[in-house]
Amino acid sequence: MMDLTVIWAGIIGFAITAYVIMDGFDLGIGILFPLFEVGSKRDTAMNSIAPVWDGNETWLVLGGGGLLAAFPLAYAIILPALYAPLMAMLLGLVLRGVAFEFRWRDPAHRPLWDIAFTAGSLVAAFAQGVTLGALLQGITVVGRAYGGGWWDWLSPFSILTGTGLVAGYALLGACWLNWKTEGDLQDQCARYARRLGIVLLAVIAAVSLATLTLEPRYAERWLAWPGILATAQVPLATLIVSFMYYRSLARRRDAQPFFWALGLFGLCLVGLGISIWPDVIPARVTIWQAAAPYRSQAFMLVGAAVLVPVIPAYTAWAYWVFRGKVGSDGYH
Amino acid sequence: MTALLLARAQFAFTLSFHFLFPAFSIGLASFLAVLEALWLKTGAGVYANLYRYWLRIFAVVFAMGVVSGIVMSYQFGTNWSVFSDKAGPVIGPLMAYEVLTAFFLEAGFLGVMLFGINKVGPRLHFVATLAVAVGTFISAFWILAVNSWMQTPTGYEMAPNGQFVPGPSWLAIIFNPSFPYRLVHTVLAAYLTTAFAVGGVGAWHLLRDRHNPGARKMFSMAMWMAAVVAPLQVFAGDLHGLNTLEHQPAKVMAMEGHYQSHPHGAPLILFGIPDSKAQRVDYAIQIPQASSLILKHDPNAPLAGLDTIPAADRPPVGIVFWAFRVMVGLGMAMFGLGLWSLLARWRGKLFDWTWLHRGALAMGPAGFVAVLAGWIVTEVGRQPFTIYGLLRTADSVSPLAAPAVAASLAAFATVYFAVFGTGIWYLLRLMHKPPEAHEAPPSAAPIRSAGITPAPQLAEGDALPGTPDKETE
Chain A
-18 MMDLTVIWAG
-8 IIGFAITAYV
2 IMDGFDLGIG
12 ILFPLFEVGS
22 KRDTAMNSIA
32 PVWDGNETWL
42 VLGGGGLLAA
52 FPLAYAIILP
62 ALYAPLMAML
72 LGLVLRGVAF
82 EFRWRDPAHR
92 PLWDIAFTAG
102 SLVAAFAQGV
112 TLGALLQGIT
122 VVGRAYGGGW
132 WDWLSPFSIL
142 TGTGLVAGYA
152 LLGACWLNWK
162 TEGDLQDQCA
172 RYARRLGIVL
182 LAVIAAVSLA
192 TLTLEPRYAE
202 RWLAWPGILA
212 TAQVPLATLI
222 VSFMYYRSLA
232 RRRDAQPFFW
242 ALGLFGLCLV
252 GLGISIWPDV
262 IPARVTIWQA
272 AAPYRSQAFM
282 LVGAAVLVPV
292 IPAYTAWAYW
302 VFRGKVGSDG
312 YH
Chain B
157 MTALLLARAQ
167 FAFTLSFHFL
177 FPAFSIGLAS
187 FLAVLEALWL
197 KTGAGVYANL
207 YRYWLRIFAV
217 VFAMGVVSGI
227 VMSYQFGTNW
237 SVFSDKAGPV
247 IGPLMAYEVL
257 TAFFLEAGFL
267 GVMLFGINKV
277 GPRLHFVATL
287 AVAVGTFISA
297 FWILAVNSWM
307 QTPTGYEMAP
317 NGQFVPGPSW
327 LAIIFNPSFP
337 YRLVHTVLAA
347 YLTTAFAVGG
357 VGAWHLLRDR
367 HNPGARKMFS
377 MAMWMAAVVA
387 PLQVFAGDLH
397 GLNTLEHQPA
407 KVMAMEGHYQ
417 SHPHGAPLIL
427 FGIPDSKAQR
437 VDYAIQIPQA
447 SSLILKHDPN
457 APLAGLDTIP
467 AADRPPVGIV
477 FWAFRVMVGL
487 GMAMFGLGLW
497 SLLARWRGKL
507 FDWTWLHRGA
517 LAMGPAGFVA
527 VLAGWIVTEV
537 GRQPFTIYGL
547 LRTADSVSPL
557 AAPAVAASLA
567 AFATVYFAVF
577 GTGIWYLLRL
587 MHKPPEAHEA
597 PPSAAPIRSA
607 GITPAPQLAE
617 GDALPGTPDK
627 ETE
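Heads up: the protein sequence lines correspond to chains A and B, in order.
Using our numbering, you'd call the opening residue of the first sequence number -18 and step up by one each time.
Using our numbering, you'd call the opening residue of the second sequence number 157 and step up by one each time.
Just so you know, these hints were derived from the structure itself, not from any lab.
Ideal placement from N, C-alpha and C gives every residue a C-beta, glycine not left out.
Hints are supplied without guarantee of correctness; some may be wrong.
Derived DEER-like restraints, expressed as beta-carbon distance ranges [to be verified]:
no. : chain 1 : residue 1 : chain 2 : residue 2 : range
1   : A       : I(-12)    : B       : V390      : 43 to 49 Å
2   : A       : Q270      : B       : V384      : 49 to 55 Å
3   : B       : P472      : A       : P15       : 47 to 53 Å
Covered by chain B, according to a simulated footprint, are these stretches of chain A (three or more residues, beta-carbon under 8 Å) [unchecked claim]:
no. : stretch
4   : 23 to 33
5   : 51 to 61
6   : 75 to 84
7   : 263 to 277
8   : 286 to 297
Okay, chain A solo, but in the shape it has when bound:
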């Protein structure tokens, strides 16, 4: 018999991956925004994501909603445990989301909404990184609930992961703009992409090594013989992808650096999966312990089986409609 719980873990994993891939660059553009010259450059950067940001963010709602539906216990424990960072993330998303419309509506206060766009993006990205770090370092579970305090999420490790995600999203944003824009702005972003690559790789190395010390099982998962033959492929692949990333930047490619950068993120997620599988709350609760009953999972699977492929199809169409380099013409 098929194990629906594993399938649902896969679907949630897919949603989180899709979210990181799609909203990452769009938060990253927000983070880099103050570095762009006021005027046509900022407008161009904004225009490159205006038609798609809403769809990108919907994957976050699917991640949350899917977790509630498929693993309600995990949802009920994780969200109170990460109360402060999640609230900060939500408020950040509010600020940056409305900025897309508001900055065009009110040219007199555009600088203010540009600040809101950056601050919101920065806070949301940092909070997501902190969330990841707090989950990896382990949260206190008592019975069916969170049992820790409301500052437990704060640690050097979670600040490291938060900073890392900010750098990573900024890198994706720079690569996206390198792809979608021309001239000065493209050159500027290619420069950022090169510098941010170094920061991101350093953080990846630091987080990876620190993770091994957090829980004995993480270290065992990665370093035990003969599993290490398989797990060692991840850092190896990271080195290769990094090389390809820098090579594509050096050759001034448009789209390639973005996809290599996504490759780096993909490898991080694979690494995360290796560390925590099969837990939904790392080192605390497994996917089977948190799983919704069979009927819930089966009912949703009918819809998910049809829609999870259809959604990327029409999302891809929306991206295709707005393909090519972006202009700076926005609202009048």
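Got chain A sorted already, so can you dock chain B onto it with the hints?
What follows is chain B alone, placed relative to chain A:
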């Protein structure tokens, strides 16, 4: 202040703000679809210009709805984690369906709707508008299924670990007893909200220039909606009330202010001041037997009061009582304005009667107030339960420290008042501008590849809904 009270305040606050936006965008998306369909069918430029005019407003409303909605999808877990754990297996899948069938549809096609007319052509663009409009409705379907299940839970079983789990039939969960009534009542409310907002804007511009073709068209369309939908809503509301009496009698008792039972026919209290300590309504103006007549269709039918409900299970009376009167009063005023507009139309004076326009202007925000009031009636009326009769609100809350919730509530209040207050100000500014013959698109296709030539300036007769004009302000 306890964490429970703060958590409730935060949920009520964020939901009230959020609810205003979908209530508007459900109706507005359908209105836009109708405008574009009429434009495609008739080619009349006035529809294209109205489409552009309202699309700009829709973009702002929708953005605020999206960001305030993301907050809601996480609040279930952050503030109501015990509820989420217990009810997740039942309501989680419904909410997942909402995301999969509605949110992605809306978000996926919104970009094309707002920015894509030049890229995809008018017909495919209309498909995008329709997809967004249908998405808003599907979203209402699922979230109201969830809410209705919390009001009138059916089709569930209890698991040994205390979770509510689905029974053999999902239809029994989705189509729970209050769902059809709530869905119809709420969607009609969204349409009425939009009709009165559009009508108010039309009236405002008619008062300044009664010959503005865009103002005339939007006012006329809005008044047709008011005249047709308001009576339907009164009827639907009555049915919803009877359904509530059957399944949640305590809520109706609070709505009616019936502290005591009335074995020989209950009065309809029009106004009064409920005093829950003394268990009576002071200064009541009431119509004898009328409540029994409305609720039981028999003036002498006995009606039980809150004295038949254990004290621990009673909803708060005052707020439900008042919110209900606000909702019903506004509903009746909408009904009246609809009739008034029919009379004006019949006399051929729809665009001439300035008092009608003043009335419509005053009623412009009525839908929003009525929607919030209705929501308060149904949600506060369900107290002290989250899942009616089964799970208490006090037993649903997350294990949170009060200072944490207080801090986040303060942050939400600050950000929401600043952000959405400004957003509403921008909406009013957009509405203040009269609809014109050369209405600029909401945006001139922000992503323009080289080689696409902007269309020339457009007159009333030949506009494309989203074509970029080169004109600048």
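Structure-based check of all given hints:
Look at I(-12) of chain A against V390 of chain B: about 48 Å separates their beta carbons, and that is inside 43 to 49 Å. Roughly 54 Å separates the CB atoms of Q270 of chain A and V384 of chain B, a value that falls within the hinted 49 to 55 Å. Checked against the hint of 47 to 53 Å, the C-beta distance between P472 of chain B and P15 of chain A comes to roughly 48 Å, which is consistent with it. With a threshold of 8 Å between beta carbons, the proposed coverage of the stretch 23 to 33 of chain A by chain B holds, since 6 of its residues qualify and at least three are required.
Counting residues of the stretch 51 to 61 of chain A whose beta carbon lies closer than 8 Å to any beta carbon of chain B gives 9, which meets the minimum of three for the stated coverage. Counting residues of the stretch 75 to 84 of chain A whose beta carbon lies closer than 8 Å to any beta carbon of chain B gives 7, which meets the minimum of three for the stated coverage. Three residues within the 8 Å Cβ limit are the bar, and the stretch 263 to 277 of chain A against chain B gives 4, so the coverage statement holds. Note: the stretch 286 to 297 of chain A has 5 residues with beta-carbon separation from chain B under 8 Å; the three-residue rule is met and the coverage holds.
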